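Trainee: Residue numbers (this note's numbering), protein chains in the order written: chain F, 750 to 1084; chain Y, 2 to 340.
It should be emphasised that the hints constitute simulated quantities derived from the structure, not laboratory data. Small disclaimer: the values here were computed from a predicted structure and weren't measured.
Covered by chain F, according to a simulated footprint, are these stretches of chain Y (three or more residues, beta-carbon under 8 Å): (1) 191–198; (2) 210–220; (3) 252–258; (4) 269–281.
Lysine to aspartate or glutamate pairs mimicking DMTMM-like chemistry, simulated, CA-CA at most 25 Å apart: (5) F:Lys-996 / Y:Glu-260; (6) F:Lys-799 / Y:Glu-260; (7) F:Lys-929 / F:Glu-903; (8) Y:Lys-68 / Y:Asp-179; (9) Y:Lys-202 / Y:Glu-6; (10) Y:Lys-130 / Y:Asp-203; (11) F:Lys-997 / Y:Glu-260.
Where a beta carbon is used, it is the ideal one built from N, C-alpha and C, also for glycine.
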Amino acid sequence: MSAPKIGQPSQPVVLARDLKQVYKISHGFMRSADHLQAVSGVSFTVHPGKTLAVVGESGCGKSTLARMVSLIETPTSGELSLTGIDVVKASPQDRQALRRTVQLVFQNPFGSLNPRKKIGAILESPLEINTDLDEKTRADQARAMLALVGLRPEHYDRYPHMFSGGQRQRIAIARALMLKPALIVADEPVSALDVSIQAQVLNLLADLQQELGLAYLFISHDLGVVRHIAHDVLVMYLGHAVEQGEKKAVFAQPLHPYTQALLASTPGIVGTGASKKRIVLSGELPSPLNPPSGCVFSTRCPHVTAQCTSERPVLRELAGRQVACHLAEQFVLPA
Amino acid sequence: MALLEIENLSVRFPSKTAVMHAVDGVSLSLDSGEVLGIVGESGSGKSVTMMALMGLVSFPGVVTADKLRFDGHDLLRLSGSARNKLIGKDVAMIFQDPTTSLNPCFTVGFQLAESLKLHLGMDGKAARKRSIELLEQVGIPAAESRLSAYPHQMSGGMNQRVMIAMAISCKPKLLIADEPTTALDVTIQAQILDLLRTLQKDLNMALVLITHNMGVVSEMAQRVAVMYAGQIMEERSAHDIFDAPQHPYTEALLAAMPERSDGASRLATIPGMVPGLYDRPTGCLFAPRCLYANSHCRADRPALREWQSGMVRCHYPLAPLLDAAADAGRASLLQGAEQ
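Take the sequences, apply the hints, and build the full model.
Mentor: What follows is the structure, given as structure tokens:
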């Protein structure tokens, strides 16, 4: 197989413009189907060596976004290019080759590793499928990868059940790195781990990023983790991007009421000095089958006005980030 | 007299070759209306402690204690039927995953009414009325129509509210919440924590909150017990423990939190793992992972003792951090040690 076409290194690893994913929900024969907009018009870029964190509650479309970026699903509409190559228009062969540039790390390392396979076999299977390296080279690369993620060479012959949660997540990361991808899509990679182990895995991810220039699409609902690891943040609500931009700007001064509520809902620690007003949102995420007219957040927003329920706000530039809220100006603190 | 008194509680799981000490000499006491947080990594014995209290440890587990008293009842010598009258009425428990702890085959109304009929002897009509009240109390809209809903028809947050309604249905004196918000989204988590706090105040319940989320504990608890490998390592007021932890384990746990990293590029970690069945140290249980451990720590297991308005199980408790310089010095020590 020919080497995958990889674009210029200066190019963004992911470039998404107005990405949409619509699912058809069938209610059976003879009844009209519904359309569920899982992701409605999200745009973002991820540069090499950078981390974009996607934040939101369950059902906000963040996993659908990850599935599109990792080429599991084709977007219904919109533009998506990976390392400069258009994914939607690419030929099946090119798509196949592009798959090597994106790899996934999942939430639960107890479910994502095959219990019947040895670690060596788990690490080598991506090479077996995608390359024509011989057995010995594959084994050498697998052992080298074990060392890179901080595991010992003798772990090569062990089974997943012999490892703790943190070690398993290291194995999952090693597997994702076997094909030397440009982008790692990490779907809640540390939320199943204890805080001390979580710190080890986050450190490993940061080290690998520095060493290999990896880009991460980091999906998480833990804002403490996001604040630590991300460069850019994309806050999603019901399939829409409500606020996105540089982490520093967004965390220092969230301008969308949803981002404000998310930040305020995260339990803080006494003694960190940050005294904050607690905003507890009432209600839950509305059904994406029947989204509210106007602003998607209007049903739960504490600042809702008549304009919010009738007119859907679009993303616009404000105070160093993009925000989709009619009232965003009033949250900007005077400098 | 305290509502709950536990003295020297141990839970062992013997196997052919060794004995697993899941809980090792835990003593706790709790007054009515008090909120106690129990924190620790997985496998530290926090859930098993409360399961022993509820009588939920099954064969081959062995529970021993010098004292296990709740509200005047000796739980160690309580007969099965007497225990059934107490558990679910005066002591209630909320579990981590609401979708698996509710029975999928019965409606929410049926499951709510069950304990009302059993413990309070209500008839169907009264139980239904009370169920509606309870669902309203935990903030479920359209409570009456929700009674005929099955758990799968409701979201995780709603199901957790039903679990809470069920737990408080008999006005318990003690509520044990085992990771009540871990499976929920942050905005829903905030709602559930608020709800637990108001209910606890309104009903003047004692609340034991088991969690590994330090943030949740610091917001909810008055007193915190830190558990490690089946032992209590430190116990003091929530404010003090987060401001000036005295045990190296507490300090390391706090330092590992991304929220506390303050923009540092690397997080502090705790090297090594919780001791298992075969590698239980003879000295301090935390010594193999402790930054400050010396030969004394490795040879001699420390006892829990009074220290600075709390209890700590360490030969060399940390002094309160007086200035930022000492703090920074220790932080760099922690980061260097992980390498």
